[in-house]
Amino acid sequence: MQQSKLQRLTKLTDKGLNQNKTHNHDTTNKKKVIFRPINAEDLSLKLNKKLKGGRFRSINEELYTITSDSARISFRKDPKLFDTYHEGYRIQANQWPINPLDVIIRELKDRRGLTIADLGCGEGRLGESCPNCVIHSFDLVKRRPHIKV
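Letter by letter, the sequence shown follows residues 1 to 149 of UniProt numbering.
Think of the hints as simulated: they come from the structure by calculation, not from any bench. All values derive from a computational prediction rather than experimental measurement. The C-beta atom is built at its ideal place from N, Cα and C for all residues, glycine as well. There could be a bad hint or two in this list.
Only pairs whose alpha carbons sit at most 16 Å apart, straight line, appear in this in silico EDC-like list of lysine to aspartate or glutamate [what the hints assert, rightly or not]: (1) 142 / 83; (2) 148 / 107; (3) 142 / 78; (4) 49 / 78; (5) 142 / 123; (6) 142 / 128.
The following label-pair restraints were derived from C-beta to C-beta distances [claimed, not checked]: (7) 96 / 132: 23 to 31 Å; (8) 99 / 48: 37 to 45 Å; (9) 111 / 55: 30 to 38 Å.
Generate the whole structure from the sequences, applying the supplied hints.
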């Protein structure tokens, strides 16, 4: 008789729990395995995040291999593509140990008299974060009032 997946998983889970019961022998190098129920909502959010990250990488690769004119046409044909790209970018950037834009903002924030062209500014965070500089923010899509297309 064939076991259902649930029965096999239950056996494996029980086996794992039984193996991790504390006995009177050295367990200093053994890791304790903790089984917890999978929350479908958490799993869904995690998978959705991975999909968005993958979509970002795909769009990013395409943008690096086409002309600016072709990219502009793509974003005009599908305006949501720009938002999808930048949502994925934010997800990726949050995983970086250091976000280069944060470093640039920290260096420029208190400087005066600089004029900067931020080409491909995305959401224009540099222009919003450095009030003492004159920053011209450019991108293919205008998502903030200070961005020029």
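Original post:
Is the Cα-Cα distance between residue 142 and residue 128 16 Å or less?
Top reply: 14 Å, holds
Original post:
Does residue 148 pair with residue 107 here, judged by a C-alpha cut-off of 16 Å?
Top reply: 24 Å, violated
Original post:
Taking the beta carbons of residue 99 and residue 48, is their distance inside 37 to 45 Å?
Top reply: At roughly 22 Å between Cβ atoms, residue 48 and residue 99 fall outside 37 to 45 Å, so the hint is violated.
Subject >> Given hint residue 83 paired with residue 142 - CA-CA distance at most 16 Å >> reply: 11 Å, holds
Subject >> Outcome of range test on Cβ distance (residue 111, residue 55; 30 to 38 Å) >> reply: 36 Å, holds
Original post:
Is the gap between the beta carbons of residue 96 and residue 132 within 23 to 31 Å?
Top reply: 26 Å, holds
Original post:
Does the structure keep residue 142 and residue 123 at a Cα separation of 16 Å or less?
Top reply: With Cα atoms ~8 Å apart, residue 142 and residue 123 stay inside 16 Å; holds.
**OP:** Given the hint that residue 49 pairs with residue 78, test it: the Cα-Cα distance must not exceed 16 Å.
**Re:** Violated. Residue 49 to residue 78 sits at ~21 Å, over the 16 Å cutoff.
Original post:
Is residue 142 close enough to residue 78, meaning Cα to Cα at most 16 Å?
Top reply: With a Cα-Cα distance of about 14 Å, the restraint between residue 142 and residue 78 holds, given a limit of 16 Å.
Hint check: violations occur at hints 2, 4 and 8; the rest are consistent with the structure.
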